[in-house]
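Enquirer: Chain X is fixed; fit chain E onto it per the hints.
These are the residues of each chain, in order.
2 protein chains.
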Amino acid sequence: MTQELGITTDKQKDPNGWYTEVVKKADLADYAPVKGCMVIKPWGMSLWESIKSEFDEKIKETGVRNAYFPLFIPESYLEKEEDIVEGFDPEVAWVTHGGNEELEERLAVRPTSESIIAPFMSDWIRSHRDLPMRLNQWANVVRWEATDTRPFLRTREFLWQEGHTAHETEEGADEETMLRLEQYEEVIENLLAIPSILGYKPEHDKFPGAKYTTTIETLMPDGKSIQSGTSHQLGQHFADAFDITYMDENEDEQVCYTTSWGLSTRTIGALIMAHGDNDGLRLPPRIAPKQVVIVPIYQEENKEEVLEYAEGLEEELGDNFRVELDDDDSKSPGFKFNHWELKGVPVRLEVGPNEMEDETVTSVRRDNGEKQMGIKRSEISDKLEDLMDDIQESMYDELEEYLHDNIREAESKNEILGTIGKNRGYVKCRWCGNEECEAEVKDQVSAEIVVLPFQEDSVPSGIRSEEEELGGECAVCGEEAVTWAYFAKNY
Amino acid sequence: MTQELGITTDKQKDPNGWYTEVVKKADLADYAPVKGCMVIKPWGMSLWESIKSEFDEKIKETGVRNAYFPLFIPESYLEKEEDIVEGFDPEVAWVTHGGNEELEERLAVRPTSESIIAPFMSDWIRSHRDLPMRLNQWANVVRWEATDTRPFLRTREFLWQEGHTAHETEEGADEETMLRLEQYEEVIENLLAIPSILGYKPEHDKFPGAKYTTTIETLMPDGKSIQSGTSHQLGQHFADAFDITYMDENEDEQVCYTTSWGLSTRTIGALIMAHGDNDGLRLPPRIAPKQVVIVPIYQEENKEEVLEYAEGLEEELGDNFRVELDDDDSKSPGFKFNHWELKGVPVRLEVGPNEMEDETVTSVRRDNGEKQMGIKRSEISDKLEDLMDDIQESMYDELEEYLHDNIREAESKNEILGTIGKNRGYVKCRWCGNEECEAEVKDQVSAEIVVLPFQEDSVPSGIRSEEEELGGECAVCGEEAVTWAYFAKNY
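Sequence order for the protein chains is X and E. For the first sequence, position 323 (counting from the first letter as 1) is numbered 356 according to our numbering, and the numbering increases by one without interruption. For the second sequence, position 230 (counting from the first letter as 1) is numbered 263 according to our numbering, and the numbering increases by one without interruption.
Worth double-checking, as some hints may not be accurate.
A pair holds if it fits inside one copy or across any two, identical chains being indistinguishable in the list.
As the list claims (entries may be wrong) - Heads up, simulated EDC-like pairs for lysine to aspartate or glutamate below, C-alpha to C-alpha not over 16 Å straight-line:
hint, residue 1, residue 2
1, K68, E138
2, K68, E134
3, K68, E137
4, K57, D156
5, K44, D310
6, K323, E347
7, K58, D156
8, K239, E481
9, K364, E282
10, K68, D181
11, K336, E390
12, K364, D163
13, K68, E108
14, K58, D312
15, K46, D310
16, K257, D181
Don't read these hints as lab results, they were simulated from the structure.
Bound-form chain X, shown alone:
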């Protein structure tokens, strides 16, 4: 029974098989009848709810208000902005019938909402006093991806937030774009305990119509990079197309600058991948739906006392932690150990007759298996507090070391190709900004430039940027470099 429930695929040898097994067995998601769609099960959903409430609080504190825009976008609206059409056309699900009637105009199930939100912004913004306007929605979106769908990481329907803002000045839009990226970083690093690289996407890989796109990239254990959040400075492109203008203080009409930014259920895929091991999921305490599971260990003759001891513990800890007491009589302690390890609960507390007699508790960490016996019952709450911080930090540190070890510099095209061929992770090099130089690499090893790290002088202070000075030539063509670039295979 135990074996059947446990993970049977090795994460190193078969990361894809391992991922699928963990998603299913840890009760995170299930496959829907429509290919590429998923059912998010309660354990997975509570991870999303936690990300949502954390990020929602951050954006509300910084002037964003939630709204809800329609699921259906008339085809003619999508077509108003030709970059959007070209960017998303092959991925749109179309509604053609309502009840028994054929519709006069096809309706797109939103792949993203710029083209439905922009006309309303145009209508709602009258004067400079209405600016900045900052809107956000938590919604489902649909992209009819043809290939390689996987729960959370790439699904045809997914949940996300999409922020849409309008500003008087380009600086306002720049600051907004960077602020949201920083807030993504806080969620990914502090809540999910995943270190990341911040920067721009290359020109040819930015959002359709954007002035620039930023990304937060994280390195997965299989050596691929994943985009966990993205923000777009849209310049006046959308404002021009949708007539988003305002009257300035002199009563002159001006065109707004807009931004958009999104974070999706994909982050849960990154979380699973980044922290899981061959026993299943490992959850950082801050996001874990249950932080502590109490497993009572008893014989028939002392069952009642042990359970009472465990219940007292549950009650006390319940004030400060998300606690589960697993008192299911039909399962053995060993079964429960495996079950909760599979689910990724950060700390297990074992209480048996010995603990009861000594007025102690035994704790076991999920992240490294460390067992501590004889923790005084009276000190458990404080100890757990420390333990949670410690686990959160060491899970982050572990990945930071991995990230650090897997960024390799290369100074020529051959070195790039050789390094990518032999290693997982990022290859960092100087780049001239020319797409052809990227293509030369991409064609041979299916790795591409996933992020151009910020330079200190090109972003607001406080945002993490590349420390190493650039000065030098493009590793591929030898022309003058304009930026550092990180090549990687990616999701």
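Expert: Using the frame of chain X, we list chain E on its own:
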């Protein structure tokens, strides 16, 4: 300017026109390009967020876990349960194309999710230990209504929660159905301050395939009844159709009993209708996005001191209330009074040079316009606490009186017709349970039976039920009555 912004339609004379104007001018919603769809603006959205967080907490405390099921339901899934097909077929929006490809099977945009959730329940439930299984999702749904769409009250796309549960016994399903109805009652009555009538829907008006459907009905000022929430005891009907079974303690296979229950953004329509007046929205304090607005009143020479006084007030009250300081220099105090009245904020605090000098505050209630001067600055927090309770209570009481005054008893068909013809509200009568008796009334006055109030002996104790004893004959046909029935025009 003030007049243009204010409400120009009289609520009594033209409730529909009034409603539309309030929805637009109080920034609650806007019309989407697709007919019958709406944009929920931030002020409206925060009402939904408040309902959501209140109800979400209640259901989580009573064993429900959130999940997320796919937006798209294959046509063959819908067809597995023929009552569902017949009940929803004319209202389904169909996706026929993904990208440039025609799909092999049409996909329904979910009108409700029984038929997609049931197969998963069937898969996930193995033993009696998995029961009860209680799932809920917060989601958008689409019903291609042909007629009379209005923001919140009836839209083709709306937001809701849908709960779906499975139980070992019929009693378990009964209790679940009643528990959720009671929780709806708590939300509608305590949070939204709207009194309500609880009961069953008539047999011919229940959810397709349900054993019975309960409803929470509230009386709108135009005299129509609106269903604000509903729960369905589905018996074994869906469990049979979708094979939701479990192994009992003797390892015998048994069929589950299931329920479903939903509350939607329609409740916001009820809230607007129930409490609004000719100055706009009126919000009960518990749900108001802003409970207090502070309007500083100053001349150029004392501007700084007054603003400082107002800011101090804002800071202090911010700990206990949702406060807005309206310090917009471009608008007059009079303009602001009207603006915040339109938006429904329960209390306005005015602070000018006099208040500053006397260290006092002036308060004005939105619900009844009552003004109180000379409230001591040092006592304002306590006074406001009391004021909020008072407003919440008196808004409820006002509607309760209205409801009470508009329930009229009738003892014959002619009396029913006459009473409905002359009055708004409910006509209460004894009923034999025969649909034909309802039809005789319905055909003549377009009023129908909206609720059969619970009898004390047919529901768990604690649920509100009809006090008057039944004993007597059906008001229409004279046969023996089996229940009280409430006729009304409805939404």
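Enquirer: Taking the hints in turn, state whether each one holds.
Expert: Against the structure, the hints come out as follows:
no.: 1; hint: K68 <-> E138; verdict: between (26 Å within a copy, 12 Å between copies)
no.: 2; hint: K68 <-> E134; verdict: between (26 Å within a copy, 14 Å between copies)
no.: 3; hint: K68 <-> E137; verdict: between (28 Å within a copy, 12 Å between copies)
no.: 4; hint: K57 <-> D156; verdict: between (46 Å within a copy, 13 Å between copies)
no.: 5; hint: K44 <-> D310; verdict: within (7 Å within a copy, 63 Å between copies)
no.: 6; hint: K323 <-> E347; verdict: within (12 Å within a copy, 38 Å between copies)
no.: 7; hint: K58 <-> D156; verdict: between (49 Å within a copy, 14 Å between copies)
no.: 8; hint: K239 <-> E481; verdict: within (13 Å within a copy, 57 Å between copies)
no.: 9; hint: K364 <-> E282; verdict: between (71 Å within a copy, 15 Å between copies)
no.: 10; hint: K68 <-> D181; verdict: within (10 Å within a copy, 36 Å between copies)
no.: 11; hint: K336 <-> E390; verdict: within (13 Å within a copy, 70 Å between copies)
no.: 12; hint: K364 <-> D163; verdict: between (60 Å within a copy, 13 Å between copies)
no.: 13; hint: K68 <-> E108; verdict: between (24 Å within a copy, 14 Å between copies)
no.: 14; hint: K58 <-> D312; verdict: within (11 Å within a copy, 57 Å between copies)
no.: 15; hint: K46 <-> D310; verdict: within (12 Å within a copy, 68 Å between copies)
no.: 16; hint: K257 <-> D181; verdict: within (15 Å within a copy, 52 Å between copies)
Consistency note: the structure conflicts with none of the earlier hints.
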